[in-house]
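Those protein sequence lines, which keep their order, are chains P and F. In terms of the working numbering, the first sequence has 108 at position 108, counting the first letter as 1, and numbering is strictly consecutive. For the working numbering, count along the second sequence from 1 and bump the result up by 1000.
It is worth saying that the hints were derived from the structure and are not from the lab. Cβ coordinates follow ideal geometry from the N, Cα and C atoms, glycine included. Hints are supplied without guarantee of correctness; some may be wrong.
Unchecked claim - Under 8 Å between C-beta atoms, here's a sample of chain F residues computed to sit facing chain P: (1) A1038; (2) A1043; (3) K1045; (4) N1287; (5) R1289; (6) A1291; (7) E1295; (8) N1311; (9) S1313; (10) A1315; (11) M1322; (12) A1329; (13) M1364; (14) Y1367; (15) Y1368.
Said to hold, decoys possible - With a straight-line Cα cutoff of 27 Å, these simulated DSSO-like cross-link-like pairs (lysine-lysine) come out: (16) K42(P) / K1324(F); (17) K324(P) / K1324(F); (18) K1194(F) / K324(P); (19) K324(P) / K1223(F); (20) K1361(F) / K1223(F); (21) K11(P) / K349(P); (22) K42(P) / K1042(F); (23) K194(P) / K173(P); (24) K74(P) / K173(P); (25) K1223(F) / K1074(F); (26) K324(P) / K1173(F); (27) K74(P) / K1324(F); (28) K75(P) / K1106(F); (29) K223(P) / K349(P); (30) K194(P) / K11(P); (31) K1106(F) / K1075(F); (32) K106(P) / K11(P); (33) K11(P) / K361(P); (34) K1361(F) / K1349(F); (35) K361(P) / K349(P); (36) K1011(F) / K1324(F); (37) K324(P) / K11(P); (38) K1074(F) / K1042(F); (39) K1173(F) / K1106(F).
Number of protein chains: 2
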Amino acid sequence: MHAVNFELITKDGRARRGRLATPHGAIETPVFMPVGTAATVKALKPDDVRELGAQIILANTYHLYLRPGHEVVKKAGGLHRFMHWDRPILTDSGGFQVFSLSSINKITEEGVTFASHIDGSRHLLSPEKSIEIQNALGADIIMAFDECVPYPAERGYVEASVLRTTRWAGRCKEAHGDTERQSLFGIMQGGMFKDLRRQSAEQITALDLPGYAIGGLSVGEPKDLMYEILDDCTEYLPPDRPRYLMGVGSPDALLEGIERGVDMFDCVMPTREARHGRAMTRGGSVNLRNAAYTEDFGPLDYSCDCYTCRNFSRAYLRHLVMAKEILGATLISIHNLTFLTHLMERARKAIEENTYASYKKEAMERYYRR
Amino acid sequence: MHAVNFELITKDGRARRGRLATPHGAIETPVFMPVGTAATVKALKPDDVRELGAQIILANTYHLYLRPGHEVVKKAGGLHRFMHWDRPILTDSGGFQVFSLSSINKITEEGVTFASHIDGSRHLLSPEKSIEIQNALGADIIMAFDECVPYPAERGYVEASVLRTTRWAGRCKEAHGDTERQSLFGIMQGGMFKDLRRQSAEQITALDLPGYAIGGLSVGEPKDLMYEILDDCTEYLPPDRPRYLMGVGSPDALLEGIERGVDMFDCVMPTREARHGRAMTRGGSVNLRNAAYTEDFGPLDYSCDCYTCRNFSRAYLRHLVMAKEILGATLISIHNLTFLTHLMERARKAIEENTYASYKKEAMERYYRR
């Protein structure tokens, strides 16, 4: 018995419409998961996140291990209670962050030794340690500890890394006990080598886990290459398990991913863009630092019904951005996340109605017309 | 006919329980007004500010004149609409800020020449200009342009300044046309000289304005001296007009001010303290940077029913503060403003019940016991 259970409702081409049951409620897929790195979706109250329709959020093992410490979160009653979020949570394994955020790191069979980006202190993150931390945090979905190979990478390095990631995934499964409370997802790697992707997928899926992620994409490679690799990846994954494309959140990548059979996505982009004064709209990206918005008293997006678009003008949002007011980040984050929530809602509807191809074409043309 | 109308409901000693009718609704006094300097109460959505019970907020003429410009706000339909706040607003005159925020300033009979703290550009703020800006912003209550004399100041300087502030107040009244939409309050000055305070009050109240502020206190003088001066100030003001003590918001100063017959207060302190990780509670000030709160899973204040205290622990708030997460400023601001809202609610009730003296004593002992 797994903590999560995936139901594939219908398909339109390779695009999938599904439902993922979790201990904290069901998630309609395809789904975009807002990122709450340090147990907060930046600049938003959990009520804001709920109100904008987020079904599940992601939190970060690396960050929470370093601060406040997973033991503190456990004593608080787990992440849900600590951050006052009663819908599903997914925690990543920390694998990506030890490579991208800590300056010094050393990979051995045991795990990765790294220096904290906060105070420089040395730590070892291993498959067992990552699972221990994620068990303490208590998310509905936890991720296997993997190595996310950078781009570009030599074939020889990727070959060895894929094998290590497989061994680490096995150790994660071994270390993870309470599968009824938390479901462990595996992560396939393999860089930009199709045969290694296939090999990784075969080895990881052999572990018979309740879900699988595609890691190591959107790491700097050209988008066309990403889609080409992704095209194959989803073919190697079992149809009855959810597929999660990690770290992807631009509208085009979401739409391309759904077309290729991906069910779950996450990315810091919508909230990070918001903190830089950039909004995602159906007419394309809007940079509120642009002086053209000084006296633009219309909403960010006329077709949007979010709290921000219902109540505030581009002129006011631009004012907040220029004055470096926190409310600017809050209001644009609400809008950007709502924008992606709506994009996914419409995608789900289109799949149900067997019109995904035309929906995707129309959404792409609208968003990228300028 | 004035835009605002004050009703003195009852008194308990010198403490006053009143109601101030405005074009955007009635305000129960004594009242604390949260400050929304740049057309936003920092880190809060207007819905948060409404929900925590704020009856009126203050915005800043100096800041809004420089950015986004009062003409932009006027074109947006005024400040209420621009910032999506439908309760009363008070704008200050900018007088205080040209002295405290701009590095270069020169006072003449005409007004004050100053350099913008944003880009160094030169501007003149005069009584007429301040009223023009405040008319464009459209707040329910606007303030006369005055000189806030620093502490300490020579008697000779204060004497001349009091006379100038009186002349400027007359010019403000002259410049302000639409008294049915916006009410102009006068400001008495006079530094720490009781006879000059009396003289200023007599001259300003001779203008027969719908409300009066006490300016030039809480500018660095010892608190005992402030209360001593304040003791007299309220005696010089007509009982049928609201009295506003500017820039004061610590619990003790609010309680002392109410005792001396003040009706309105404002201060950036509760929100500024919040951004520095400090919370105001019935048990005193709580600095969340203190490691003692790392595993403190109780609320900030057990007696508080605000969104923050209902849903989050001190441990979580401390985590947010340490991780420099925006949500920390938001949640502590909600609490601090709720704390002052409750303090004022209880004060109003105590005045109604003729128990203000014992309420004040008890509240002071509780808040300052450590």
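Tested hints:
no. : hint                : in the structure
1   : A1038               : holds, 5 Å
2   : A1043               : holds, 4 Å
3   : K1045               : holds, 6 Å
4   : N1287               : violated, 17 Å
5   : R1289               : violated, 13 Å
6   : A1291               : violated, 11 Å
7   : E1295               : holds, 6 Å
8   : N1311               : holds, 4 Å
9   : S1313               : holds, 6 Å
10  : A1315               : holds, 6 Å
11  : M1322               : holds, 6 Å
12  : A1329               : holds, 6 Å
13  : M1364               : violated, 32 Å
14  : Y1367               : violated, 27 Å
15  : Y1368               : violated, 30 Å
16  : K42(P) / K1324(F)   : holds, 10 Å
17  : K324(P) / K1324(F)  : holds, 16 Å
18  : K1194(F) / K324(P)  : violated, 42 Å
19  : K324(P) / K1223(F)  : violated, 34 Å
20  : K1361(F) / K1223(F) : holds, 17 Å
21  : K11(P) / K349(P)    : holds, 11 Å
22  : K42(P) / K1042(F)   : holds, 16 Å
23  : K194(P) / K173(P)   : holds, 25 Å
24  : K74(P) / K173(P)    : holds, 21 Å
25  : K1223(F) / K1074(F) : violated, 40 Å
26  : K324(P) / K1173(F)  : violated, 35 Å
27  : K74(P) / K1324(F)   : holds, 21 Å
28  : K75(P) / K1106(F)   : violated, 59 Å
29  : K223(P) / K349(P)   : holds, 26 Å
30  : K194(P) / K11(P)    : holds, 25 Å
31  : K1106(F) / K1075(F) : violated, 31 Å
32  : K106(P) / K11(P)    : violated, 43 Å
33  : K11(P) / K361(P)    : holds, 18 Å
34  : K1361(F) / K1349(F) : holds, 15 Å
35  : K361(P) / K349(P)   : holds, 15 Å
36  : K1011(F) / K1324(F) : violated, 45 Å
37  : K324(P) / K11(P)    : violated, 45 Å
38  : K1074(F) / K1042(F) : holds, 22 Å
39  : K1173(F) / K1106(F) : holds, 23 Å
The structure shown violates the earlier hints numbered 4, 5, 6, 13, 14, 15, 18, 19, 25, 26, 28, 31, 32, 36, 37.
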